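*Asks:* Chains as they are written, first to last, in the numbering used here: chain A, 664 to 925; chain B, 193 to 437.
Simulated from the structure, these hints should not be mistaken for lab results.
Pairs of lysine-lysine residues, derived as DSS-like cross-links and limited to a Cα-Cα distance of at most 27 Å, are as follows:
(1) 689/A with 323/B
(2) 689/A with 335/B
(3) 693/A with 334/B
(4) 384/B with 335/B
Negatives, chain A to chain B, calculated, CB over 12 Å:
(5) 715
(6) 722
(7) 756
(8) 794
(9) 847
This structure is a prediction, so every number in the text was calculated from the model and none was measured.
Backbone N, C-alpha and C fix where the C-beta goes; we use that ideal spot for every residue, glycine too.
Take a look at the letters that make up each chain.
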Amino acid sequence: MNAKNWIIEFWHFRELLVALTLREIKIRYKQTLLGTAWAVLQPAALAVIFSIIFGHFLQIESPQTPYIVFYYSALVPWTFFSNSVTFGSLSVVNNSSLVTKVYFPREILPFASIGAAFFDFITSSLIFLMLMIFYKVNPSINVLYLFLIIPSIFIFAAGISLILSTINVMYRDIKFVVPLVLQVWLFATPIIYTIDRIPDSIRKFYVFNPLAPLINSFRQVTVLDKNPSIFELQLAILISIMTFLFGILFFKYKERVFADII
Amino acid sequence: MDSVLFENVSKSYHVSKGKYGLLTDALTNLLPKKSKSAYFENKVNALRNFSFSVKTGDSIGIIGRNGAGKSTILKLISKITYPDSGKVTTIGRIGAFIELGAGLHPELTGRENIYLYGAILGMRKKKIDEKFDAIVSFSEIKKFLDIPIKKYSSGMYSRLGFSVVAHCDPDILLVDEVLAVGDISFQRKCLKKMHSFAQEKTVIFVSHNMEAIKSICSKVIYLDNGKIKMIGSASEAVKRYLDAQ
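Assemble the whole structure, with the sequences as input and the hints as a guide.
*Replies:* See the structure below:
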């Protein structure tokens, strides 16, 4: 299937994407006491814990801003990525009854998961905004970089989810691998620390982790009033796009056998 | 004109062998093709060199024992699965009544599910808006429209499923053993709906209910072990099938 046909077909099924995304948003917090508040609580709880342990116990200074703002500013985009990958990687298998009964482009399933995670991201961003107003953190014009940073995280999360959800159809090991890898990834990304704390000898390996510059820049342009490193950002965007392209090709290549082996 | 055309279609399913099946499969897949012994070829043939065509407007029944390949044919037509060899061609929008309610979600309300299931079946939201009242009145669940369907009885569940499917208006209709839903009066209603479909659309109907097959289909394929045993008029094919049991 060539790119043009893919886009035409995807466009044809756009309403299904919307319907499935709404379904994910609606059912995710059904029969929970706190409902959508979980979208905020996930990053907020971690931000509080990090503030206490790394800020007050270990005395790691947070440049210019209160600890809670410092950690929350990185945990908001991180939680978006982490939730996208967690739910996206399971999306095809979790909907096996649909995959074996109805025809539609299967990539709609991981995209719907990411769409729902994006909804949570918006919710927790609103709290972030209130936090910034409360602590009187004024972002500069640099905040416009978010229009590059957020879509890049989105694209990167989609690429990773497409790859993992495909492998998960064949090998359910993915279900156990993803939480483990995400835990390591959290520490391999400048969330608890800033990127300039990393020794130069190790820092060169950070080019392989596009989330490092993306999340670091997210924090820099929102609460630190710093210019992001344009070169690192460009590289991260390039890697994100390439991951996405590889993901969609891999997914479409394997999609035909999903119903047979799921 | 042919709505559905199968040309020399073969389809087999891979069956993994018990313990550590996946690991041995993965390792043997790394070996070059030639060195694989027959031991590792765990294949079940669902269809073998299967050819047939359905003319636009025909109603075709497919009968046969469990595992004869009936559902595989419907899955190939609806592009859920693809053939190993041969070619499947279809013209027109396909609507599949295969396992009703595959798209329904227990936590959502009846109303929400009508929109969700409609979208899954490829209906535009505008179209669902138009048909909403008809769907609700056909399903007879108006009173329970705004409660989660996990509270529904299984009969109400399938009635909702059938009602949405019945209003999605496809060119080619695939039906797999779904008429046994609800109580007798609702079954009659379904059968009536099927009749009116069969008048104007292309219908491919899989069932073990021989009476329903005879009343709806003009032509019947009797399938045995992935091959056509006979194609003929409904009454002949059903008789041959029943005699063979």
